[in-house]
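Those protein sequences? They're chains R, V, C, P and L, same order as listed.
In case it helps, this note's numbering puts the first sequence at residues 16 to 497.
In case it helps, this note's numbering puts the second sequence at residues 156 to 257.
In case it helps, this note's numbering puts the third sequence at residues 68 to 701.
In case it helps, this note's numbering puts the fourth sequence at residues 256 to 759.
In case it helps, this note's numbering puts the fifth sequence at residues 34 to 201.
Do not rely on the hints blindly, as some may be mistaken.
[What the hints assert, rightly or not] Listed below are several chain V residues computed to face chain L (Cβ distance under 10 Å; list not exhaustive):
#1 Leu163
#2 Phe170
#3 Ser254
Honestly, the hints are just simulated from the structure, not real lab data.
Cβ atoms here follow ideal geometry from the backbone N, Cα and C, with glycine treated the same way.
Spelled out, the chains give:
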Amino acid sequence: MNLDYSLLIPEYWLAALAALVVAADLTVPATHRLRIRYMSGWLAAAGMVVAIVVSIVPYLDTDKDFGGLISVDDYTTFFRVFFCGVTLFTILASMRYMEQRLSNPGEYYGLLIISTIGAIYMAAARELLTAYISLELLSFSLYILAGWSRTDLRSSEAGLKYFLLGAFSSAILLYGISMIYGVTGSTTYAGVASGLSGDVGDIETGMLMGMALLIAGLGFKVAAVPFHAWTPDAYEGAPLPITAYISATSKAAGFAWFLRLFSGAFMPIIDDWRWMIAALAAASIVLGNLVALRQTNIKRLLAYSSIGQVGYMLIAIAALSPDSAGALLLHLAGYAVTNLVLFTCAIAYHDETGVEEISGYAGLAQRAPFLALMMSVALFSLGGMPLFAGFLTKFILFQVAVEEDLLWLAALGVTGSFVSLYYYLMVIRQMYIEQGPTLVRLPFQPVMYGAIFLLGLGVMLIGLYPAPVYEMADDAAQVLFV
Amino acid sequence: MIPLEHFLVLSGILFSTGIYGVLSRRNAVLILMSVELMLAAVSINMTAFAVYISPDLFTGIIFAVFVIVVAAAEVALGLAIIVRVFRQRASANVDEVASLKW
Amino acid sequence: MEEAWIIPAIPAAVFAFMFFFRNLLPRQGDFVSVLGALASFVVFFFVLADALDGISLGEKIRPAVEGFTWLEFSDFEIRIGFYVDELAIVMLSVVTFVALMVNFYSLGYMKGENHYGWYFTILSLFVASMLTLVLADNLLLLYITWELVGICSFLLIGFFFERRSAAEAAKKAFVTTRVGDTAFLIGIIFAFYQVGTFDIQTLIEAAEAGEISDGWLTAISLLIFVGCMGKSAQFPLHVWLPDAMEGPTPVSALIHAATMVVAGVYLTARLLPMFEVAPYALDFVLIVGLITTIFSALVGLLQTDIKRVVAYSTLNSLGLMFVALGAGGHGLTAALLYLFVHAFFKALLFLSAGSVLHATDRQDALELGGLWRKMPLTAILFGLGAAAMAGVFPLSGFFAKDEILAVVLDERGPVYFGLVLVSVALTGVYIARIWILTFLGKPRDQHAYDHAHESGPLMMIPMVLLGILTLVGGLVVFSDIGQELGFPGGFGQFLFVEEPEDFHFDWALVGASVGAALLGVLMAFYFWLVGSGRRAATVEALMPEMALILRRKFFIDEVYQAGINYVMLGAAGVVSWFDRAVVNDTGVNGAGVLARFAGDRLKYQQTGVVPNYALYIVVGVVVLATIAVVTVAR
Amino acid sequence: MEDFLKEYAVVATVFIMLGAALLMMPIPQRRPDLIRVVAVVAGFAVFVISAGIFAFYDWEEGGLQFQMRWEWLENVGFFEENGISLYFGVDGIAAPLFLLNGIVTFAGCLVSLKIKNRNKDFFILLFVLSSGVFGVFGAQDLFFFFFWYEVAVLPMYMLIGIYGSSTDFGTFLRTKEYGAMKLTMMLVGGSVLIFVGIFTVFVEAGLGTFDLQALGSVSYDVNFQKAVFPLFLIGFGTLAGMWPLHTWSPDGHVAAPTAVSMLHAGVLMKLGAFGILRVGIFLFPEGAAFWMPALLVVGIIGALYGAVSAFGQRDLKYMIGYSSVSHMGYVLIGLATLNEIGVNGAVLQMFSHGVMTALFFLVVGALYDEAHIRDMTRFGGLAKSLPLIAGFMAIAGLTSLGLPGFSGFVAEFHIFVGLFQDYEWAGVLAVLAATITAAYVLRMLAMAFLGPFNERWTRLPDMSVNEVMGASLLFAAILFMGLWPDPFVDRIASTIVGFPGIES
Amino acid sequence: MSGTEVIFYIIGTMTALAGIGVVTLRSVVHAALSLVAAVLGVAAVFLLLSVEFLFLTQVLLYGGAVTILLLFALMLTRVRDVPALMVGAQWPLGLLAAGSFFAVFTVSVFDTEWRWARDNEELTSVAFEDIGDTLFRVWAVPFEIASLVLLVALVGAIVLGRQEAGDR
């Protein structure tokens, strides 16, 4: 048994960083803290940069496992960078928001960082218990973060709902895991797979029972219909940066687990569960996009839109193959970057005006052209328009589905994406067409604008020169199917 | 020896009861208690499988240990959240804490 | 003869030049246009001399074919080609001459109008198009120029566009002829698919050789003839022509006398060999011509607008030409002769009418009268034209009408002959009537009368020239005179279909023809001059309904207007409604509304209550699990 | 040097537009003069380049020229050799359309110089639009074909929404937002089908590449062709204003600002027809043969329907909008003939209608900007005080009714001839539509520009110098094709002859 | 039926009844006590499966700490205890859903051939050392993560539970 702890350096660093941030916040006296503005934030951000470096450099082309529980391979590396990146930008986007509307910065950043560990291990785990416990680590952090705001009543309500439903769904998930364990006799993915592939006869109903429960639990995590109901409420209630974080990390972590688990463990019986995923995908696309048509709050709109997006991503799971995994990773990357642009813009605007309603965006193009521009870029990208990431990643995603004979799902996905364009355009309409109450320019925010610019470049990069990212994603995906 | 299925049925009863509790209770604490019931059912399942299937590796037992630990942490965290909501709204009934909707 | 292309090229170049530079030139460049017309006219004589060189009596000139490929696409070729034969030469002579006259006349008539230079620009384009039309060796080029002529007429009729009536008349002219053109175009394309080319001679040869089935041949002939009907204002597509009098008078002369309206006659004449082969085609031509000629004579009886009466006389003449063409036999010769002389006396009539108009600013004969005292020369010239129109011996119109009557009698028998004779008599009535009303009697509008004066030399010279030609133009039928002029013989010996035709008087026929004409003229004198028109009023009072019908031109305009109002605008209304209510509001918006409605309903599943959410989860699990277990369970 | 120019000419058109848009972004809003300079220079540059592409397309050689290929995604995922490449090339069909877009873009720049409010955003969006159009015409890779196609749709919403105008019909209101949204949604909705079509083609071909030529070399199963062709037909047909999916066109074009109407009605609608030809018929000749009668019927209905609708309009722009539907009906009819003459006519009509309708919108825009109404019944006799506007309007109108000497005749005549080859009955109806066109064009001219002068408009200024320049450019193009169509026909024929599925 | 089996069915019935009590009893305190009973019943089942370690954990953690926490929570959040309103409006649906889940689950349990399960063998208890050894050797990483989970829960409980100035 290989217990090479050096494989886990990035996570140890993250844990240490979390401790450091909390400790710094506790120890530096309040008088000094005022002098070093955003101290905790900058510390955490710098630490995340280190974490990204540490995640990449030693592990290029590594393919090792830790005790059969954790894999450190291209896939893990991909998600380490991914999650650390998301956390980094969330931290950057949080700084001003934190100062204005939240408290306890040390704990806040600490929890963000620790939740990153959970997300990474969900992607890296090769065993159900490890994955489950990582999931709980991530979830607990998010429950707390969602309810972080003391000034906003909605925040604690969101935390409560998220928590209660999360606990409920994780019980369901566990029950599913137990059934799978019972049928296959193992909790490692490889063990499950061999337990299934040795099966020459019919598939056991117990296994399917377990899968239904497991899919429900995972579906909750990624917010697939009908397990989605927490999403709009949690998105709306949570502080904006946390909404951004949930939309990127929580979803991506769910899919990271989804991919590794389903490709590693359930590939032998794909024909028996494909319809479940396909059904969820279809339901998500339809419900998410339709309900989003009638939303007035930007967070809620994005929540429903993200439900629709989950539908697209589930298509890749339904069409599980090495190609589809690569496509999904690429799409996740594009989606996360796009979403971060969108949310960071929303946060930047919120920081200045406190506006969350879509109608409050009226006249943004004149008040803050840069924000409006980047927000439009992100919205168009989400709507699947070219020049931006969304077009290419969705294109590849759906193409993969068609390769696996899921033409109807791909068609539904394209249609959903078409519907989604309507409500994205409604936001753009507010920003560009409607006249705002004032034409006063919003002040320049260097940190936010810098972050938005970088992320926007990412959106354009994936949209216009996707080869490097796609190759990385594809390499990462190949690992799963060896 | 008691058949495995009987343990599973017992856990199924507990799990279903828990589901019913979550679906029908209004008080957040009671919902949490129902979830605990479900987790207990999970533990039974895990342990029974572990004992009947792979006693040498007893993965299920370890799993059950973790489930219990997580459940405990969950209760602690849930308590904090519920109490906080209660402080803000003077109610821990979930249908009264429903300002976020539609 | 190979240089015939120069004739249209000159006015075309003038047009292009004037289009861009007219405002840089003195007098807005009118002299360029006049010189261009003159040059064309001169070049025509060179071409004529070349054509006549070395042919003797009974010989046809060797047609010259000249041109280049404009557009080629696999087996589909569009040529700009010129074909010069006798027919083309007759037309060229008419067009170049009248163009020159009108140009001159316009110098005086149009002086001081707005857009003076623009007028001459369009005039040049018109002349160029008309000349090309006459020379075209293929149907497509002919169609192109046909359309160009149409648009020029639109622009010229609408020249005084600030008058609502002028604008409407221009529109009406273009759209009505366009209806005919639609059929023409279809006919051309059918012909293309039958013979694989647009070449006119090839088409005729194929038709004569029987390579085209009868059905196709009839279809092609009739479709093309419908085009001719539009352009030559044959019933029922005649409505535009009287209204076209809204244009400047020289334009009326140019369009209604010499050029555009005879384009249809020319085309029918050009394709006559094909029409003769096609069943029913000639009969159709004959009947349409007959209807038109009688119809227009009847309507002309009670009109009072000078120019309108002249316009109806044009309809009348055109109908006669088609009667001649449709009669067969020597009809071609007769029709072309009529066309040739008609150009002179009709131009004369219009220019005289223009002279009156110019002098008095009145157009309605009821406001005029007694003008011969103020404008004797005009009165004489108008009278000359009117007499020629009526067919009074020995004016040019007489010879032509005589020929036509002879042909009809020979080929179609006494019934048709009688009908034509009626038309001739009616012509005598109305044309004499208008002359009487205008120039004789007492002035009815003293103010107009007082201001009346003879027009200036720029206008009078062309009129006098035309008057002389009206007087002597008919003599070309005589072989001796033809030979004196350098032709191999008289008109019928120069232009013929199968064999040269020698002109001879059939005295009975002459008697009938002249008798009918004179009878008409005398009736006019009797009713309208003697007793200052009280007798006419008496007759009118006897049958008021009849008079109303005639005055309102058989209500055809009203019917068409109703057609446009109820059918076209109605269809537009229905389509608009369909477009908005069905396609847009139901089809397009409906989908959107449906989606939004679904969203509106679906969003209420988000109740905000945790146990509801949990219920969704459980239902999801149970459904998934049930389906899975039921399908797989042993 | 020449090779270099030839290789990069097409890329240059696309990226000059995009580059100019990028270049404008940092220019501050308070320097509109600078923006105008960039816009005109870029517009002129692409005009010159596209004219060069048209001129130097060697029609005797034919085939794809001006080729350039950059690998974009290759040997990754399911992509194999040449998976997706930024592959440009110009064939004989695209060459005139390049010229068209160059002309209309430049003319659009010229007339847009007078925009004062947010002109920076306007030009950025306009240039993105134009780059997309160039991209589609040049794309030889199915993915990028669609990519640029969507790029061209992308900026429309904002362009119309911000700079457009609403129309009050008395009983109901057509707002610019509505027009913009409908246009965008319908076009994107159409592309849903194209999306699905592309997926299936890629899988069916199984080559792992989107290279259009490679995909075209596969012979697809006939039933597959029959099933998939309608996706492309309807998808592209939506953009081509195919009845009954045309309703975005009148409302959208009316709501749009001048330059956008020009580009959209003039060029963008051609993308649809171009797509049907370049992708639909090219890949699925047998499917096309199966479905073409349906397209023919729809095209005829569109031509008549548009003409009759236009006849009933009082709003000048609506009349033009419906006339676009009618004329695009001709294009579709031409394509539906599937013979060389008819398809040739369709491509000619694309060009002809492009310049003609651009001229229409330019003139109406010039009028509307000053008069602020477009109801033709409320004008009258404008030819007196506004000879330029009236003149250009008349030219556009006459082109539209197929007057010989102008481009419309050449195009429509080809279409008619092609149509009569197999479908006489349809030919009669199509020619009838041309007659109705004459009726409504003349009705419009008579109502608005002829007749007694309405004194209310005494102070209305005529077209500005910029507008006259733009209009003259378009007029020159109309005359060029009308008087000397040979260059066009040669180029188109070099590709049409031997094009899959098109008979002689 | 051996003694073990009798005991199992008795304990099982009691546990199930206690569980039903948790979700049906109108008094929250009764429900909490019923939960204690159910948890202890589950502990007894662990014992029957001869997993003493779990039995101990269950009794200590659940029977002790968790229950007390829950009672605390109930006390802290109880302003009014109106028994009639303990159950939400959708309880019939809940019953239906839970019932159908149980039905499906039972069918699948009896339908499945648990082929990995040993038959007719005596249960051997698992030694504490073995559990500890495995926990820290094989399951070291999950263990560490679990520690983080506990830490997070702790920090979260403190942050959320703490009253601060500006709280609403």
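### Query
Is the shortest C-beta separation between V/Leu163 and chain L less than 10 Å?
At about 5 Å, which falls below the 10 Å cut-off, the nearest Cβ of chain L leaves the hint on V/Leu163 intact, so it holds.
### Task
Grab the minimum C-beta distance from V/Phe170 to chain L and call the hint holds if it beats 10 Å, violated otherwise.
At 7 Å from the nearest chain L Cβ, V/Phe170 passes the 10 Å test, so the hint holds.
### Message
Is the interface hint satisfied for V/Ser254? The criterion is a beta-carbon contact with chain L at less than 10 Å.
### Response
Result: violated, 13 Å to nearest chain L Cβ.
In summary, the structure is inconsistent with hint 3 from the numbered list given earlier, while agreeing with all the others.
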